[in-house]
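Let the hints inform the model, and build the full structure from the sequences given.
Residue numbers (the working numbering), protein chains in the order written: chain W, -5 to 176; chain Y, 1304 to 1627.
Keep in mind that a hint or two might mislead.
What the hints assert, rightly or not - In silico DSS-like cross-links for lysine-lysine, where the CA-CA straight-line distance does not exceed 30 Å:
no., chain 1, residue 1, chain 2, residue 2
1, Y, K1389, Y, K1342
2, Y, K1404, W, K122
3, W, K23, Y, K1342
4, W, K122, W, K23
5, Y, K1341, W, K74
6, Y, K1404, W, K23
7, W, K122, Y, K1389
8, Y, K1342, Y, K1330
9, Y, K1389, Y, K1404
10, W, K122, Y, K1341
11, Y, K1389, W, K74
12, Y, K1404, Y, K1341
13, Y, K1341, Y, K1330
14, W, K122, W, K0
Quick caveat, the hints were computed from the structure, so don't treat them as lab data.
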Amino acid sequence: MHIVEKSQLMTATEIDRTVQRLAHEIVEKSGGTANLALIGVRRRGVPLANRIALAMRGIDGVDVPVGTLDITLYRDDLSKVAAQPILQSSEIPFPVDDKDLVLVDDVLYTGRTIRAAMNGLFDLGRPKRVRLCVLIDRGHRELPVEATFIGRSVQTSDAEIIEVRLNEIDREERVVLVERVS
Amino acid sequence: MSHRFGHMLGIEPLTAEEIVFLLDQSKPFQEIQRHPLKKLATLRGKTVALAFFEPSTRTRISFATAASRLGADQMNLQAESSSLKKGESLLDTVRTLDAMKPDCIVIRHSSSGAPDFVARHLPLPVINAGDGTHEHPTQALLDALTIRDRRGTLEGLNVTILGDILHSRVARSNIHLLAKFGCRFTLCGPAMWLPRELECLGPPGTSIRRVTRIAEALEGADVILTLRVQQERLHEPALPLDEYILQYQLTPERLRLARPDALVLHPGPMVRGLEIDPAVADGPQSCVLEQVTNGLAVRMALLFLMTGSGADTPPEKDSSHAAD
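Written out as structure tokens, the structure reads:
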């Protein structure tokens, strides 16, 4: 089995424009940035959350707190994965109680990652509100989870995979649609 | 990179890289001890068998709490109430436990090598929770985590170990671990507890010296590991308790001989006024309570690493979430 690249969904410029728009949307729909905090889901939600926070500073002049969340311990498929996943730290340096949180992730697919992330968040306290922001929504939900802020919605088949590649992690900047071929 | 740990029988066979990996994987579990809600469901449906053939309170509670916080169930076997008293062999006892299908077994035994023996006969992961005078790997890992947190590194430290080193599995595991990071050791206590063989611990070239004068042992120390004095052993070759206290108790005056930022560790149970002065036990250099908290983190990490994923099942068709 190997993986073939089918098409490019976003260029670096398009990713940047989308991040700027998402930041504007979040500020607009939240009526400002007071009480707001972003939580990036490891791994690629983290650089995205940082970029959104940076864009928000440009809009509102305020530094919105950013935390990171590793969901490994909250996954529901650990007993099914062959390779031992490597744990990483969650760093949420502010109390989540009564905060207006926006979870940030790269791709929304089955919804299970977000279910796990919410479990992790609620172990830390009781936020006032939790919304979800994703760069790509590719459908195929297995749980009743929807994003409030969506960069782009893409129709995909089950065999396809969306790869968000970000400079901070992948040393390249684009979104591609790939397919597994047996 | 990831490592597989089939068993955790001792520190000696591990590489420095594997130890660093284990300590790194313990960090997320340290955070969990600070959460308002500390219970995870990560190992829900798994069972950890705790087979303590030798009395233990702290280590047993630590493993049981670690298992509970990960959501795992436990089977408990304790020496006092076990069928060993009725003449059952070790192998029959653990086979009986195994027949109840636990996912891993944690063993403490007064005989060195008992966990290795069990690991050779049972098809499930074995964790050594202390065997005879051989090893106590989770204690050494939690000590290393504590030292690394406070000092930022394990490399090249001067480590002084005080007390009954001859009978101490804690001392052995700590030497095996810290020697892999180039630490130098000074072992100090009455001569009867300092046989020459101790100098052969650790990889070839490890610097281990034995001294009987505590002042000499503490000079320049970065880390002081104080061991419990097993009083039952004191009257073996006639060393009165008072004499031990006079010569070897870690007092504030003696602690000043070490480096000003030297750390004081004790595996517990600690006897104030015997091996350690209360002012040292409660002083800013003491790490005793951090050690206990870190013990939970290290044991959670090990239980997670050894029973967390289905090693033999193929990966799910497409578990897109958490693809990293």
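Each hint tested on the structure:
no.: 1; hint: Y:K1389 x Y:K1342; result: violated (37 Å)
no.: 2; hint: Y:K1404 x W:K122; result: violated (43 Å)
no.: 3; hint: W:K23 x Y:K1342; result: violated (34 Å)
no.: 4; hint: W:K122 x W:K23; result: holds (15 Å)
no.: 5; hint: Y:K1341 x W:K74; result: holds (24 Å)
no.: 6; hint: Y:K1404 x W:K23; result: violated (53 Å)
no.: 7; hint: W:K122 x Y:K1389; result: violated (59 Å)
no.: 8; hint: Y:K1342 x Y:K1330; result: holds (16 Å)
no.: 9; hint: Y:K1389 x Y:K1404; result: holds (23 Å)
no.: 10; hint: W:K122 x Y:K1341; result: holds (21 Å)
no.: 11; hint: Y:K1389 x W:K74; result: violated (41 Å)
no.: 12; hint: Y:K1404 x Y:K1341; result: holds (26 Å)
no.: 13; hint: Y:K1341 x Y:K1330; result: holds (14 Å)
no.: 14; hint: W:K122 x W:K0; result: violated (41 Å)
Hint compliance for this structure: hints 1, 2, 3, 6, 7, 11 and 14 are not met, and every other hint is.
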